[in-house]
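*Asks:* Okay, here's what each chain looks like letter by letter:
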Amino acid sequence: MRRALDRLYLGSGVAAALAMAAICVLMLAQAFGREAGILIRGADDIVAWLCAACAFLALGHTFRNGDLVRVGVFLDRLPARPRWFAELFALGISTVFVAYMLWAVTGFVYDSWQFKEVAQGLIRVPIWIPQLSLVIGIAIFFVAVLDELIAVLRHQTPAYQAAEEARRAAGDFSETV
Amino acid sequence: MSTLAAASVLLVLLLILLTGGVWIAIALAAVAWFGLHFFTNTPPDVNLFQSFWGSSASWTLAALPLFVWMGEILYRTRLSEEMFEGLSPWLGWLPGRLMHVNILGCAVFGTVSGSSAATCATIAKVALPELKRRGYDEKTCLGSLAAAGTLGILLPPSIIMVVYAVAAEVSIIKVFLAGFIPGFVLTALFSGYIIVWALMNPEKTPKEDARYSLREKLYRSRLLVPCILLIVFIVWVMVIGWATATEAAAYGVLGALIIAAWSGGLNFKSFKDSLMGATRLSCMILFILAGASFLSSCMAFTGIPRVLAEWVASINPNPYGLIAILALIYIVLGTALDGVSMIVLTTSVVIPMVEKAGFDLIWFSIFIVLLVEIAELTPPLGFNIFVLQTMTGRDSNYVAWASLPFFFMMVLCVVLITLFPQLCTWLPDALVGATRR
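Protein chains in written order, with the numbering used here: chain U, 1 to 177; chain G, 178 to 614.
Hints listed in this document are in silico derivations from the structure and should not be mistaken for laboratory results. Quick caveat: nothing in here was measured; it's all calculated off a predicted structure. Note that beta-carbon positions come from the ideal geometry of N, C-alpha and C, so glycine has one too. It is possible that part of the hints are untrue.
Per the computed footprint, the stretches of chain U lying under chain G, defined by three or more beta-carbons under 8 angstroms from a beta-carbon of chain G, are [as the list claims (entries may be wrong)]:
no.: 1; stretch: 42–49
no.: 2; stretch: 56–70
no.: 3; stretch: 83–93
no.: 4; stretch: 98–112
no.: 5; stretch: 128–137
no.: 6; stretch: 146–155
If you anchor each label on the Cβ, the simulated ranges turn out as follows [unchecked claim]:
no.: 7; chain 1: U; residue 1: TRP84; chain 2: G; residue 2: PHE448; range: 38 to 44 angstroms
no.: 8; chain 1: G; residue 1: ALA477; chain 2: U; residue 2: ALA166; range: 37 to 43 angstroms
no.: 9; chain 1: U; residue 1: TRP84; chain 2: G; residue 2: ALA477; range: 34 to 40 angstroms
no.: 10; chain 1: G; residue 1: SER179; chain 2: U; residue 2: ALA151; range: 41 to 47 angstroms
no.: 11; chain 1: U; residue 1: THR157; chain 2: G; residue 2: LEU376; range: 48 to 54 angstroms
no.: 12; chain 1: G; residue 1: ALA182; chain 2: U; residue 2: ALA166; range: 21 to 27 angstroms
no.: 13; chain 1: G; residue 1: ASN218; chain 2: U; residue 2: PRO79; range: 24 to 30 angstroms
no.: 14; chain 1: G; residue 1: GLU532; chain 2: U; residue 2: TRP84; range: 25 to 31 angstroms
no.: 15; chain 1: U; residue 1: TRP84; chain 2: G; residue 2: ARG310; range: 56 to 62 angstroms
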């Protein structure tokens, strides 16, 4: 179970990374293609969809890695017991709201599948196909948040906290703006 | 309920969620849901989808992950190590000598990196041991590193600037161009302070006797030159309209890969690390933007920004007074929030206000970026202070005190751009044109 979940997070992170690399390749192809007189139809639409995929598919992986930001000043100063309650509060609210996000997003994409809505740009594909990245990404994110909530309930250190502490101990600051 | 009362309820809710440690993007979205559900008749779930999809499925925004990736690639090359070697032969003659490497090293690395903590950590890792070994004053050294590290977000291409441009709906290239002159001014102010300090404390600067021929100097800077050329190239293709911001960012990634391969820092592991690191960082920023976009739509439906802007206009404040109050608010926000959150959280409310008071939105981008920089230097969440604290083992108060003179230089820079807004607006207007936004 643990290994399957970890693979799920990493796999979706890799998928997001590939989406980002694809944006780069497409933009370069478009720029060089224009010089050579070749027009890539609809490249802009695909880039936009890939950007959404990059943002949402990576959510679970990013969350577990402690890279989603939050205000840590107050939490870090709490002693162990109140800190545990604070983590439960944050994770509890997040679980509920991410579940709501999942419901809202799924409902909307389900509708656009039902009504056979088609993308408005140059590429006339059913719009639910690119929009699926939101549903999948938020679904995995929900699993990741729930996973951490259960871990904290069992008095384990959540993965995001462990990852962040390890990074700071190693003096790695590449993942902050 | 009146609009202002609704606004205060939402503000209190947001504060509770944020201080409670709820992840910022989720907190923003939850507040937006609350506002839409209780204060308007619009269904929140449709708005949620449209904001999430509309803000992230954007061709303009695709520039952001690419700029992040470019920085991540160069971060993993030997560029940082060679920064010291490449810059020091050129700066030995200035009063303060190699202390200026801190400033210029951060300025150059900041252009490619776009992140201030990474800039600070990278340069400090190389410069601190070298300067200590030669007997330079530790305090001034730490202060200059903490402050100059923030140049990373003022000198383009900068991730914070892309976030602002997207959130405020202004042209990315104009915001980039607006950052150049204030960036040079701030660099000069930092270096100027070091010169004055060194002239007043001559005994604290050790002698430097290494002499280099011009050829040797150039050879030592061989990695710096391609990086600077890459940045100039990226900005240039955007200015002449040969490439859009997203295409220019893709060129940046390509150029960074070529530089990395040429300097021998590119292998499968560093490529993979840069790609995954950039994905996580982009995901974090894009998700905050999505949450903030949902909150903006809630704001639009409740009409809070309009009411606030009209209220500000009705008391007809002195524009400088308004700017001073905003500066104060941002400094307070900066003690607890990171730069990206600070910008996306406030744009939907502050931009209409600032526009109504007659300020230029391009100018405002530099104002807000400078305040984010200042926030990096103010405890308890001054991130650069934290970085140096972990790297040196010094107390955070010590680092904060050390950077105090440089903090005043940054405040001076904010005053300068407020009194002479042309410092920000002249370059973009001259190169891109005043009418194009």
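*Asks:* Each hint: holds or not?
*Replies:* Tested hints:
no.: 1; hint: 42–49; in the structure: holds (count 5)
no.: 2; hint: 56–70; in the structure: holds (count 11)
no.: 3; hint: 83–93; in the structure: holds (count 5)
no.: 4; hint: 98–112; in the structure: holds (count 9)
no.: 5; hint: 128–137; in the structure: holds (count 3)
no.: 6; hint: 146–155; in the structure: violated (count 0)
no.: 7; hint: TRP84(U) to PHE448(G): 38 to 44 angstroms; in the structure: holds, 40 angstroms
no.: 8; hint: ALA477(G) to ALA166(U): 37 to 43 angstroms; in the structure: holds, 42 angstroms
no.: 9; hint: TRP84(U) to ALA477(G): 34 to 40 angstroms; in the structure: holds, 39 angstroms
no.: 10; hint: SER179(G) to ALA151(U): 41 to 47 angstroms; in the structure: holds, 44 angstroms
no.: 11; hint: THR157(U) to LEU376(G): 48 to 54 angstroms; in the structure: holds, 52 angstroms
no.: 12; hint: ALA182(G) to ALA166(U): 21 to 27 angstroms; in the structure: violated, 45 angstroms
no.: 13; hint: ASN218(G) to PRO79(U): 24 to 30 angstroms; in the structure: violated, 45 angstroms
no.: 14; hint: GLU532(G) to TRP84(U): 25 to 31 angstroms; in the structure: violated, 46 angstroms
no.: 15; hint: TRP84(U) to ARG310(G): 56 to 62 angstroms; in the structure: violated, 45 angstroms
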